[in-house]
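Put together the whole structure using the sequences plus the hints.
Residue numbers (the numbering used here), protein chains in the order written: chain H, -9 to 348; chain D, 36 to 299.
In short, the hints are calculated from the structure, not lab data.
Be aware that a few hints might be false.
[What the hints assert, rightly or not] Derived lysine-lysine pairs resembling BS3-like cross-links, with alpha carbons at most 30 Å apart:
1) K196(D) - K232(D)
2) K338(H) - K136(D)
3) K196(D) - K340(H)
4) K119(H) - K151(D)
5) K338(H) - K196(D)
[Stated by the list, open to error] If you want the footprint, here are the derived chain D segments under chain H, 3+ residues with CB under 8 Å:
6) 137 to 145
7) 149 to 155
All residues carry an ideal CB built from backbone N, CA and C; glycine is no exception.
In case you want the letters, here they are:
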Amino acid sequence: MFYREVGQFKSTYAADMAVFPIRQDRIGILVLLAIAVVVLPLVSNDFVLTSILIPGLIFTLAAIGLNILTGYAGQISLGTGAFMGVGAYAAYKLANAFPEVNLLVWILCSGVFSAGIGVIFGLPSLRIKGLYLAVTTLAAQFFLEWCFVRMGWLTDYSSSGAIEAVRRTLFGLSISGPEADPLTRYFVVLGLVVFLTWITSNLVHGRIGRTWMMVRDMDIAAELMGVRLLPAKLLAFAVSSYLAGVAGAMMVFFWLGAAEPSAFGITLSFQVLFMVIIGGLGSLLGSWLGAAFIWALPVVIKFAPGLVGIDVPSARVEHVNSMIVGALIIFFLIVEPHGLARLWAVTKQKLRVWPFPW
Amino acid sequence: MSGLTPIEHGKQLLAVENISLSFGGVKALTDVSFDIKAGEVRAIIGPNGAGKTSMLNVINGFYHPQIGRVVHRGEARTGRRPHEAARRGIGRTFQNVALFKGLSTLDNIMAGRTLKMTRGFFWQCLRFGPALAEEIDHRAKVEEIIDFLEIQHIRKTPVGKLPYGLKKRVELGRALAQEPELLLLDEPMAGMNLEEKEDMSRFILDIRETYGTTIALIEHDMGVVMDLSDRVVVLEYGRKIADGTPDEVQNDQTVIDAYLGRSH
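Shown next as C-alpha cells:
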C-alpha cells in the first residue's frame, strides 16, 4: 500500500537509470544504513557482533565476489575459499613486511594478489565452460591449499602453520589483534563492505556489468557486439577474486584473529557458493540476503532456545539446527528457484498492486 | 559510422572470393563468389542446407574458410574474428534469436553500443561524471532506436518474456545500435505472420533510407525477397547457381529447378 511509485515521474534518463529509481527504495536503504550504523551497535553485545554481524558482513563480501563471477559472468567457480586464502596470506605478509603502512591499505591491496591468482586460474575459461570449468577451479582450490600448508614462507615459518592477526590501529583505535574492540572491528568491516558493495553496484550497472551479462547469456552474440570474450571473462575473474581476497583478509584480521590453512578449504568455497545460489544469482541484494540466511540464521537458531529460557542440550540444538536450515533451503528453492532476491522482487511487485491485484 | 570513412553508394563494400568451407567431409560452401555494393539490399536465397547461414558466418568471422578470402572495404581479411568484424561496422541478427535473455529490451539494445562506450574501469567503478554522462548519451541514442522500431511499451521487459515477433524486432534494434555499415539479417521474417512480415519489411527499407545501411539478408519468403532486394544470389548445395536482379533470378531455369525440382 505504501510501496507505490505512482506520481514519481522521471523526466531525465539519469533519474530513470538510477540504481534505486523508486523513492521508497532510496528511503529504505538509508533507513537500513542508519540501523546498521546506529541501532545495531547499541543493541548488540560482543557475542552478536563477533559471531553474527562481523562474519555475516565478511561472507556478504565473499558472496558478492563469487556472484560477479558466477551470477553475472556465468562462470562457475569452486575456488572462492582458496582465493580468500590468497587475500589473507597476502595481507599477513604485507602487514608484517611494512608495519608502518596502515592496515586498511594492505587489506585493500591484498585483493590485488588474489585477483592476479584468479586471472591465472581463469585462463581456461576461454575454452572450458560450465561444470567443466568448475572442475578446473577446483584445481585452484586444491593447489592453493597445498601452497598454504607447504610454503612456510607464507606464514613466516610459523611453527603452528597458522597466520595471526597483527596488532594495528586506525586513528589511535585498535582495529586488529587481540585487544581490538568488537565494535571498532564491526565499524571497520561495515565501512569496507558497504564501500565495496557500492563500487560493485556501479560496475554491474554500467558497461562492464552489461558485458559480463552478455557473455553469460549468449557469448556468440556478445562477440558480435565487439566484446572480446577472454578479457571480459578474465576481468570478471579479477574483480571476483579481488573481492574474495579482501573478504579473506578481513576474515583473519577482523574476525578470527588467526587462521590455519584448513580455514580456506573447500567447505568455505561451498558455503559461499550456497549463499550465492540461495540469495540469487546475478543480484547484489541476493548476496546480502544469502549471506544472512546461510550464516546468521543457524547462529540465531542455535542460541534462540537459550535466549527464551528453554534449556536444551547443545548437541540436540546442533542436530535440530541442521535439520531446520536444510529444510528452509529446500523450502526456499522450491518456492523460488531464482533465490531470495527474486522472491523479494516478486513481493515488491505484489506490494505495488496490493490490495487490488487484478 | 564507427569512425569509418563512408563508402560511396554503388561502390563495392564487400566481396567474397572463391570461398570453400568444409567441416570434415561435409562441404558447406564450394567456390562461392559474389559482392555486396554499398547502399543496396542484397538477398541470399536457396533451399534449406544450401549454406546461406554458413556464408554469413564466414563474412562475420565465426567460420574461417579453407580456400578463398573475404575482401571488406578493400582489405582482404581471412583470419578475422567476430569482434573485429563488429569494429569494422558489420552488424548481424540470427536465425534463431540470440538475445541476452536475462536483460531487458533496453539493456539488450544498450549492449549493441558496447563498442562505442569508451570510459574505462576506474570511471565505471564510480559511475559518476564522464561514465554516467556517457551512459546517458547512449541511452538517448537507444531511445531513438526504440522509437524507430516502435517498441516503447516493452522497454523494461526482460526479453525472455517477449513473443517471438518482438524478439526479432529487439534483435534488429540491437544490431542497429551498433550503427553498422553492413547489416546481415539471417531470416528476419521466419515464423512471422503477414502483418509482422510487412512491419519488418518496412523497417528494413526504413533502415536503409534513414541510416544508409547496406543490408544483406537471407529469406525464404520469395515475395518479400523479390520486393525488397536489389540483387539476389542463389545458393544450392554450397554452390552459387545464380546471381542477378530479382527478375533475372526468377526466370533462371537452374533456380526454378533448384526450388521446384526437375522433371525426369
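I'd like to know which numbered hints this structure contradicts. Please list them from smallest to largest.
none
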